[in-house]
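Listed below are the residues making up each chain.
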Amino acid sequence: MSDIFPRWTNKLPLRLLLGVLIVGSVATAGVTYYFTPKYTRVGYQPIQPVPFPHSVHADQLGLDCRYCHNGVEQSWYSNLPSANTCMNCHNQVLSADPRLALVRDSFQTGQPISWVQIHKTPDYVYFNHSVHVNRGVSCVHCHGPVDKMDEVYHAKSLSMSFCLDCHRDPASKIRPPEEVYNLNWVPPENFAKDKGAKFVHDWKVNASQNCSACHR
Amino acid sequence: MRYWLSFFLVIIVGAIAVIGIAGFQGGKSRKPPIEIFPDMDRQPKIRPQTGSSFFSDGKASRVALLGTIARGSHYLDTPLVTGQLTGSTNFVDVMPLAITAKLLARGRERYQISCLPCHGALADGNGITKKYGMAVVANLHDKRIVTQTDGELFKTITHGKNLMGGYGANIAIEDRWAIIAHLRTLQLARLGILADVPLDRRAGLK
Chain D
1 MSDIFPRWTN
11 KLPLRLLLGV
21 LIVGSVATAG
31 VTYYFTPKYT
41 RVGYQPIQPV
51 PFPHSVHADQ
61 LGLDCRYCHN
71 GVEQSWYSNL
81 PSANTCMNCH
91 NQVLSADPRL
101 ALVRDSFQTG
111 QPISWVQIHK
121 TPDYVYFNHS
131 VHVNRGVSCV
141 HCHGPVDKMD
151 EVYHAKSLSM
161 SFCLDCHRDP
171 ASKIRPPEEV
181 YNLNWVPPEN
191 FAKDKGAKFV
201 HDWKVNASQN
211 CSACHR
Chain L
1 MRYWLSFFLV
11 IIVGAIAVIG
21 IAGFQGGKSR
31 KPPIEIFPDM
41 DRQPKIRPQT
51 GSSFFSDGKA
61 SRVALLGTIA
71 RGSHYLDTPL
81 VTGQLTGSTN
91 FVDVMPLAIT
101 AKLLARGRER
111 YQISCLPCHG
121 ALADGNGITK
131 KYGMAVVANL
141 HDKRIVTQTD
151 GELFKTITHG
161 KNLMGGYGAN
171 IAIEDRWAII
181 AHLRTLQLAR
191 LGILADVPLD
201 RRAGLK
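As you go down the protein sequences, you meet chains D and L in turn.
Residue 158 in the working numbering sits at position 158 of the first sequence, with consecutive numbering throughout.
Residue 94 in the working numbering sits at position 94 of the second sequence, with consecutive numbering throughout.
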């Protein structure tokens with residue numbers, strides 16, 4: 001009569017354990033890499049109804065962000081411009097260009113252009129633009145180099161850890177208020193240590209880490 | 001040994017397949033982000049840039065009905081709001097706000113945001129848009145415009161004029177006056193004569 005358990009089964013528990021460990025760590029690596037906003041959101045670049053290039057308007061023409069997003073300093077929400085704002089220039093520039101047909105329609109009828117929203121925090125998060133931009137936090141921290149983008153894409157993860165990284169240490173990210181809309185500003189050496197810390201102290205910057213600041 | 005080899009092969013092929021399909025972090029994608037645990041991410045409340053199926057035009061942000069006024073908005077028929085004397089269509093000569101250093105600084109900043117692209121930093125009509133085919137931009141040092149009243153300038157900014165669009169929706173009322181104050185300093189700077197310069201400063205001039 002042959003053995004019920006042949007010899008090789010002696011090593012089976014060890015092999016199984018090793019196999020599970022390897023499969024487990026590969027799966028964990030995959031999940032940490034893929035199941036995070038750094039993967040799911042970053043790079044989202046929808047096709048917009050009008051191929052509006054920030055690179056032409058903000059960089060080449062040097063328009064200030066607030067020419068179009070004019071509510072960003074007063075409001076929690078950074079508005080998108082209405083067609084009137086575009087038509088200020090495009091009644092003379094490219095006034096018959098087919099790419100701008102939707103803008104002209106919208107200007108005539110008042111029906112807004114349905115831009116696809118790219119940055120969207122979950123609805124249980126309370127976010128506010130004005131507190132940030134009025135306190136020296138630039139658009140570039142949260143949106144990346146928009147002025148260089150032909151089409152806007154989601155450049156930063158905007159996850160909770162992204163927000164908290166800065167709320168724990170605003171001094172290293174903050175800049176003088178007049179440079180907030182200059183996305184190409186490079187801090188001079190030692191800026192964070194000297195000036196940044198001074199701003200945080202003088203303006204009594206209070207970047208709260210309480211849950212209730214962002215989840216009200 | 002054979003088992004281990006095939007085991008690793010399966011894992012490696014699997015990993016390559018996943019990376020091949022899913023790509024790397026930061027890759028561009030036209031598809032909306034997947035919300036892996038959609039908890040309460042999207043709630044049936046109205047946020048900016050969302051539509052509404054309740055209203056027939058689909059707009060969630062409602063335009064104020066005719067004859068109604070939004071809370072907190074200016075509505076009185078006063079010079080501050082209209083640039084005209086109360087109860088008439090006569091423009092006010094001089095702006096209704098006191099000119100302070102703060103107002104001038106604000107006006108300069110706002111001018112550079114909203115007017116500079118077309119009229120240029122010096123208000124001479126040589127903004128950057130001229131290079132791109134905006135042929136008719138007014139030179140704000142024209143005598144006709146220098147002699148306009150503040151109220152008339154206010155109306156131009158608010159409602160636009162001829163080929164210039166109105167900025168009433170984009171610029172707050174106080175800021176429009178601040179811009180006018182800054183515009184006046186630009187005009188004055190160009191009209192200045194030697195007699196305007198204090199005696200002790202004249203030496204430095206050429």
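Incorrect hints may appear among the rest.
What the hints assert, rightly or not - As a list, the in silico EDC-like pairs of lysine to aspartate or glutamate whose alpha-carbon atoms are at most 20 Å apart: (1) D:K156 x L:D57; (2) D:K120 x L:D41; (3) L:K28 x D:D64; (4) L:K131 x D:D97; (5) D:K195 x D:D169; (6) D:K156 x L:D41; (7) D:K38 x L:D41; (8) L:K45 x L:D57; (9) L:K59 x D:D64; (10) L:K130 x D:D105; (11) D:K38 x L:D57; (12) L:K102 x D:E178; (13) L:K31 x D:E151.
I should point out that these hints are in silico values taken from the structure, not numbers from a laboratory.
Comparing the hints with the structure gives:
no., hint, in the structure
1, D:K156 x L:D57, "34 Å, violated"
2, D:K120 x L:D41, "10 Å, holds"
3, L:K28 x D:D64, "26 Å, violated"
4, L:K131 x D:D97, "18 Å, holds"
5, D:K195 x D:D169, "14 Å, holds"
6, D:K156 x L:D41, "18 Å, holds"
7, D:K38 x L:D41, "17 Å, holds"
8, L:K45 x L:D57, "18 Å, holds"
9, L:K59 x D:D64, "28 Å, violated"
10, L:K130 x D:D105, "25 Å, violated"
11, D:K38 x L:D57, "36 Å, violated"
12, L:K102 x D:E178, "15 Å, holds"
13, L:K31 x D:E151, "14 Å, holds"
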